[in-house]
Structure formats: C-alpha cells, structure tokens
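What follows is the residue order along each chain.
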Amino acid sequence: MSAGIDLDNVCCDFGTFRAVDHVNVSIKPGEFFSFLGPSGCGKTTILRMISGFNEPTEGVIRIGGKDVRGQRPNQRPTALIFQNLALFPLMSIWENISFGLEVRGVDKATRRKRAEELLKLVDLPGAADKMVSQLSGGQKQRVAIARALAVEPQVMLLDEPLSALDLKLRQHMRAELRAIQKRTGVTFIYITHDQGEALAMSDRVGVMSHGRLQQVADPRDIYNNPVNGFVASFVGENNVFTGTASPDGSGFARFDTQHGPFRARMAPGVTGKNIKLYVRPEHTILSEAPGAENSVAVTVGDVAFEGNFISVTTTSDTGAQMVAELRNDGSTKVPATGDKLYASFDASAAAILPDETAV
Amino acid sequence: MQDLFRRYGTGLTGTFFVLTAFWLLALVILPNLTLLEASFRPYLPVTEIGGPKDVYSFDNYRKFTANPIDSNLLVFPVTMPIHTITFLNTVIYSAVVTFVTFLLSYPLAYYLAKIADPKSLPTLILLLFIPLWVSEALRAFAWYIILTLNGPLNAVLTGVGILDKPIRWQNGVFTAYDAIMIGLVYTYVLFMLFPIYGSVQSLDRNQIEAAEDLGAKWWQTHWRVILPHAKPGIASGCVMVFMLSAGSLLVPAQLGSTRSNWFTQSIQQWMLESQDWNTGAAYSFLYILLCMVVVLLVMWIFKVKLSDIAK
Chain A
56 MSAGIDLDNV CCDFGTFRAV DHVNVSIKPG EFFSFLGPSG CGKTTILRMI
106 SGFNEPTEGV IRIGGKDVRG QRPNQRPTAL IFQNLALFPL MSIWENISFG
156 LEVRGVDKAT RRKRAEELLK LVDLPGAADK MVSQLSGGQK QRVAIARALA
206 VEPQVMLLDE PLSALDLKLR QHMRAELRAI QKRTGVTFIY ITHDQGEALA
256 MSDRVGVMSH GRLQQVADPR DIYNNPVNGF VASFVGENNV FTGTASPDGS
306 GFARFDTQHG PFRARMAPGV TGKNIKLYVR PEHTILSEAP GAENSVAVTV
356 GDVAFEGNFI SVTTTSDTGA QMVAELRNDG STKVPATGDK LYASFDASAA
406 AILPDETAV
Chain B
124 MQDLFRRYGT GLTGTFFVLT AFWLLALVIL PNLTLLEASF RPYLPVTEIG
174 GPKDVYSFDN YRKFTANPID SNLLVFPVTM PIHTITFLNT VIYSAVVTFV
224 TFLLSYPLAY YLAKIADPKS LPTLILLLFI PLWVSEALRA FAWYIILTLN
274 GPLNAVLTGV GILDKPIRWQ NGVFTAYDAI MIGLVYTYVL FMLFPIYGSV
324 QSLDRNQIEA AEDLGAKWWQ THWRVILPHA KPGIASGCVM VFMLSAGSLL
374 VPAQLGSTRS NWFTQSIQQW MLESQDWNTG AAYSFLYILL CMVVVLLVMW
424 IFKVKLSDIA K
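Heads up: the protein sequence lines correspond to chains A and B, in order. Under this note's numbering, think of the first position of the first sequence as 56, with each following residue one higher. Under this note's numbering, think of the first position of the second sequence as 124, with each following residue one higher.
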C-alpha cells in the first residue's frame, strides 16, 4: 500500500520567519521523491509537516487524497526515519522493530515473527536479540528502516539518514534503499543536501532554496536543464559569466560580456536583471586553436587530478576563470600549468538563466 | 596527586590535604567509631564504667525487639515490640512520602525538561529553589501554622464552605502521620525533582518523536521510552528522598501528632531524654543498616544497579 502526497500552497512560519513559502507539489504513489537543498532551505520543515510534527501555517497537505491537517503523527500513515535514526537504546533490536506493533496491541509471538521477517528484508538476519549499541552504523540504518516498515506505512519519510555514514557505505546504502523502495512499493520522500544522493536514487527531485521550491523534475532534467541559476549552481559545477542578453527568437541569445560575446540557449520569457550564463566544466573544451564560437583565450592555472577526471582551472586574458574537466581516458592531452590555450563551449550546452524563480 | 603538588606548590596542597584528612578522620570517622564501640557496651553509672559490668554485648541492640504492645500498622492491628512498630511505621510512611514526591515530580520534571520554553526555564527553576533558601525548621514551622486548628487552611476551607467546622489536621485525618508526610513531601520534593529533570533532559527529543511517529499514544511513549530512560534519575531521587525522610527529625518533631512516632525520635529519646548514649548509638547503627536493607531490596525488585544511581 502506498499513497500519494499533495502539498497545496503550503507555508510554514516560525514567528516572523517563513521557513516554507507556498510550496506546491504532487508526489505520486510509489514514487521515490527527493527534496534537495542547502541547510536551512525548509526541506526538513516540509518533512515534519507531512509527518505531523509541524502544522502548515497556510495551505493543505493531503495524504492519499485525505486532508491530514490536525492529525497527530501517531494518526498518520507515515513513518519517519530521523537523521540520527532515534533507535531506542534500552530495547533490543527486535523490540525496536516491533515497537510500532507493540503500541497497537499485537501479541508478542506475532511481533517477534514480524521482526525476524523484516530483519531478513533489510539483510540483517540473526540480529534480533542484540542491543542497538552492538551494531555498526550501516546496521543501525537497516534497523531504522525495518522499524519504520513494521508499521506498514503508506509513506516513508527519510531525513538525511545516510549523512553519518562513510562514503563507501553511503553508496552501498543508496542502492539498498532504492531496492527496498522498489520491493515494498512504498512512497519514499527523501531529504538531502547531497546532490549525488538525490540524483542517484530519485524518480523525481525537488530543489529548494529559501523555503521555495525552485524546480521539480527527474534527475536528468534537473542537471541538464536547470530552470535558474540557483538550481544550476547547487546541482553540479558551472563556469558563470555576467552580461546582457539579446534573444534572437529561436531559443538562443547573444550574450555580451567583458570577455567577449557568447551565444547560448535562452528560454523564452526569461527576464530580470540578474541573468547569467552557465556552462558546465565537462562541456568546456580546451584546444590549441580557437573554437568556432564561444571561444576565449586562456592560460592554464591549476591542474587537479581527481581520478576519473582531470580538473583544469584556467584564467582568460580578460580575467575570467573557467574550469574544464577532461576525462581520464587517455584520449586528450593533459595541459600543463602555463599553457596558452583556447576554452570554448557549444551554444546548446550553455544556458542563460535568471537567479531564482519559484515554481 | 603529583599533578596537584606541581600546580599549587607543596605548601598549599599540603595544607588542604591535612585539613581534609583532619575533617574526615577527626570529625567523621573517629566519632562514628566511638559511637559504634559504645553501642556494644552497657549504659552504666560513671563509677562503674571500666568495671566488671562493662563488657561487650548485643544487649542494646536486643532492646529493638523487646516490649511487645498492641498497635496498628496502617490499618492492620498488630502485636509487636514498640520500637519495631516505630521503625516499620517510619519505613512505610517514608515510602509513601517517596512515592508522592515521585508523582509530583515526574510530570513537573518532564514539563521543565521537554515542554517549557527554554527562555523561561531559569525563572521557573529559581521559583522552585526559593523555598530551599529557608531553613528546614522554619518550613516545618510554616506548615505547623498552616495546619493548626485556627490556621489559614481551616479558615479558607470553612470560609468557602468545603468544611463545616475546622479539622485538627495534625491529629491526622487518614493516619496519625498525615501532617508529617505533608511536611516531608514539601521539604524533600526538590531532591526528587532535579535528578528526574536531569535524566529526562538528557533524552534525545527524537526518541519521543520517533515513538509518537510509530503510533504510540502519550502514555505508551512515557511508559516505554521516557520512564525507562529516566530510571536512574528516578532511582537516585527515590533513594535520596527515602533516606532523608527516614532520617528527618525536625519535621516529625514539629508536625507529629500525639499518636505518631518517628524512629529518629526514638533515637533522640534514648540519647537526650534517657541520657543512654549506648542504646541510642545501637539504634542509630541498626537504623542505618535496616534502611540500607530496605533500599537495596527495592533496588533489586526494580532492577536498579548501583552504577545507575551514581550517574
């Protein structure tokens, strides 16, 4: 069983501070949806409003089509996995997992059996009688998931549960979480400030800033077609230019900067003073001869070897800094510090975007 | 130790070391050892001290089980040695006092630790502390005035029509120990409140929220998550309030009725009225021993470890 969630014009104020500002989004049943944003952007407040620990100041939250305003967390069909997991240290593992059943009056034998089943589901058989303190970080993670699944929630809410794990384990748990979500079919709402997590696991991602939802789209769209400068720069790296745009009516525009004129994509209707040109480092090409368009003469500065790619920082003669990423596959010559080269990019790989908009 | 000498010099460290040793040895250990020794010797006229009758025995301790009389324990009529009855009454009513202070303290401690606005917390705690600045004797006397026949409590209750005529509260409405229990609860409630407050405060708020999120009703969250976490605080609060109540002399002396007798009063009677320090000392040591047995027994029943209380 899984339920969809509708946030309808939801606002949440703390005193005079507006933590969540007119958020509208529909999350489909069985979807893996992530809210991505920097700390303080209001994503945790959204999670707490869905689980019932905070009430929206304005707007409506519906779970499975039903307005849940006024329902306490223990009445909602949601289960929250806390950032610090909040396992009960004085209970054994199986008591932790079956706590939700215990408070519903399920008898001990049934609870024990259910806990064993769930431990198998999260790949932790044989841990039933251990105490929380005897488990490793990744194992605690699995227990927290099992404990939440035990109450058969229609929606699982996860508040940055992987942030305390080391890199390898985090990557492993990403795949694990995704697999558990597919196996159970429960709607997952995931909160994170880690773009890698959000992009790798989610069906759709909502990027947030200052309490506002900036863009809701699937991970590819978020990365390839950000709607504004915030999304572009929060998700991935960019070379950024400031200037003035003159649209040519075909979806492209001429962009005049102090480093020369560029041509880039510009969606119709983009206006505003703070528009900038964004181009990804992996779309920035270094060559010995000038490119056909969007080409800048640069001097190579720092060359950083990152393993699977090489990050080359260059400075143009006019003072602009541009980073290019070269794949470490032997196909391109790695430049040396001090080399005089040309940095260029394709007009379709660059976008002219406003600073921030709200969906 | 060497670190202290290095940091504060030989003179200062040595002085404080000697002072502390003097305090412990001369003012705590030696007097207690003297009393312990005296408790095994008979109470004799001065001329016979050191004489042939001055031999060690358990006679003083045996007085505890002498002189059976007919009396009541709570509502049950019993025939028991008079001082055993006093002891049992003291333990029973101290336990009631402990339980009542727990009932009063737990909700208040939970409120202070998890609900109250942190900004108003210093004010609230100050308000709780102010009565503690007044001496225990004065507070007992204040309750004596409140509960007296022409006192404010009777005046208010008859004034608003709850009572037809004033009650002699100190004689006891339910038991002969009512006034003593009121006084003890008032005097020692903070010794229960603060350990519980400390232990509830150390509980991660996410634990409470996780329980609620998993469907627990408020009392289930308290029973399964908050109370178990607060157990060490509750245990040390209970031990403190029980021992302080059982060992209190001022409050029972001030607020006791003609039918009440606290064991500390029995000891005082031996020591001051009978001038029999030997029996008084024997009763004191017996009392400490028996109270410790009671505490350890209760700790064993509630599965509390000594290390929990030391936290």
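Please note that the accuracy of each hint is not assured.
[Said to hold, decoys possible] Simulated restraints on C-beta separations: (1) A:Asn139 x B:Arg130: 52 to 62 Å; (2) A:Ala230 x B:Lys340: 29 to 39 Å; (3) A:Gln130 x B:Val279: 20 to 30 Å; (4) B:Ile248 x A:Asn280: 54 to 64 Å; (5) A:Arg167 x B:Phe139: 54 to 64 Å; (6) A:Arg238 x B:Arg328: 25 to 35 Å.
Hints listed in this document are in silico derivations from the structure and should not be mistaken for laboratory results. Treat the numbers as computed from the prediction; the structure is a model and nothing was measured. Backbone N, C-alpha and C define an ideal beta-carbon position, used for all residues, glycine too.
- Query: Going through the earlier hints one by one, which of them does the structure break, listed in rising order?
  - Reply: 1, 3
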